[in-house]
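Undergrad: Chain A is already provided as a structure; the job is to place chain B on it using the hints.
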Amino acid sequence: MKYGYYPGCSLERNAIAYHQSAMAVAGPMGIEFDELDDWNCCGATEYISIDLLPAYALISRNLALAAQQELEGNGNQLVAPCSACFLNLKKADHYMAESPELSENVNSALAAGNLHYEPGTVSVRHLLDIVVDDVGFNAIAEKVTNPLYNLRIAPYYGCMIVRPGNMKSFDDQEYPTSLDELMSTLGAEVVDFPLKAHCCGGHMTQISESVALELIRRLLKNASDYDADMIVTVCPMCQLNLDAYQDAVNKKFGTNYNIPILYFTQMIGLAFGISPDDLGFGKEIVDAGPALAKIGAEPSPKAKEKRPSKEALPMPSMGEDG
Amino acid sequence: MATTIASARAPTFFDEVVAATPGTDPHLELCLQCGTCGGSCPSGPDMEHTPRALFAMIDAGMKDQVLSSNTPWYCVACYYCMVRCPQEIHITDIMYTLKRMAIKEGLYRESSASDASGFSETFIDYVENYGRSFELGVATRYHLRHHPLNAVKMATGMGFNMFLKGRMDLTPTRIKNLDQLKAILSKAKELGGSS
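The listed protein sequences correspond, in order, to chains A and B. Counting in this note's numbering, the first sequence runs without a single skipped number right up to 322 at its last residue. Counting in this note's numbering, the second sequence runs without a single skipped number right up to 195 at its last residue.
Bound-form chain A, shown alone (with noise of 0.2 Å):
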């Protein structure tokens, strides 16, 4: 399966790790990714909040780009692994499919740079989207030969891949479970999280960092509650805000929240049983490696009860406590 790759300017540098898991793990899914070439960034939140037909044009030219490029042969289906680039393309080729005057308008622009866009020709999707949907849970089962049992997770989608209402989206708006199940797929335990959708305060963090705090208090107190080992991400802001405010929660509510944020590309990698190397691990702020030991040195309890010891009798298995 061969798509064409949107990295966003987060993937660059900040969120690193999701680019190298995402790029470790794409090869066993059988994916090919074929990177956008000279793509912009697509003004995240903050375009559309100053001028809407630069914001449309900026998100545009990479449309357009990805039409020309996907004529070589990739398909017409781009996928962007950070949720606010995921929405502003998709979004952008939605209402220009609904309007043609602003269709009109953002060609009009995209001409002084020699390109056009015809709205609908590039299929805009998210990376979990194509891994629980195209490549599918049996095929990624197949692959697991190190699996995370007794890991447990807390699945968190945030809101940009699953909203807003008036578009097609994947998984359920409000309580998604695509990415619960990926992670079951992995082995791991999936605890309840029922603020899995909720947001992580988005660039609020740089505008009134008390209101961005008390999102992520509430994340990472629901993570806590369901005693889970991490929380696992589909999106660069939501790791960056969980992962590097933590240590600002924890002061201004003098709280002790210790919870490694990391991708679920990650976690598919060291299912798949690539080094922790190749997948970014250690880029995280809140060190990930207590809760990877629990994977990673030992063999886990569960592994261990399907091969019972030479002398042990053939008698039904009663669990972990032997």
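Simulated from the structure, these hints should not be mistaken for lab results. Careful, some of the hints might be misleading.
[Stated by the list, open to error] Calculated cross-link-like contacts (lysine-lysine; reagent style DSSO-like; alpha-carbon spacing at most 30 Å): (1) B:K63 to B:K104; (2) A:K221 to B:K153; (3) A:K252 to B:K153; (4) A:K251 to B:K153; (5) B:K182 to A:K251.
TA: Positioned in the frame of chain A, the structure of chain B alone reads:
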């Protein structure tokens, strides 16, 4: 206040908001005043007006009060309200529209979130000049201008950690065909505020 009855169809503030919101119809006229939006909003308690109240004010033509409210700037764009609105109003899109209008009218300065647009402006400045965003530059320039103490806090705390972990670039990246992007953006600005 607004020119509702001045002429048969002079555009009201309500019309302006709808016209400046992308897509065919944001369904703003369908608001039932049920309050599901505010109840679903994670930053609702910090807003001066809930989205519901703001929509009633738009309907009443209270342009100045609406555009100087902190509400649009405290919208985190989580889209919960948009999913839950029984009338399928494009609430988040309307919040973005109100931000743009507040900047255009200069009224955001009146709001308690008067720095917020500065963050967006600093961000897009890098995008326009490099084609890519630049986290270190945005954070330092924005904080130095608006809250210098935060800049110090960031440089010694969280920002330093990010740097140590190799997660922060010290220089921005420039796209190859920046001239093309600049030409596109300048044409878009010339075409102006169309939906």
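Undergrad: Hints first: check each against the structure and report whether it holds.
TA: Evaluated hints:
no., hint, result
1, B:K63 to B:K104, "holds (13 Å)"
2, A:K221 to B:K153, "holds (25 Å)"
3, A:K252 to B:K153, "holds (14 Å)"
4, A:K251 to B:K153, "holds (13 Å)"
5, B:K182 to A:K251, "violated (44 Å)"
Against the hints set out earlier in the document, a violation occurs for number 5 only.
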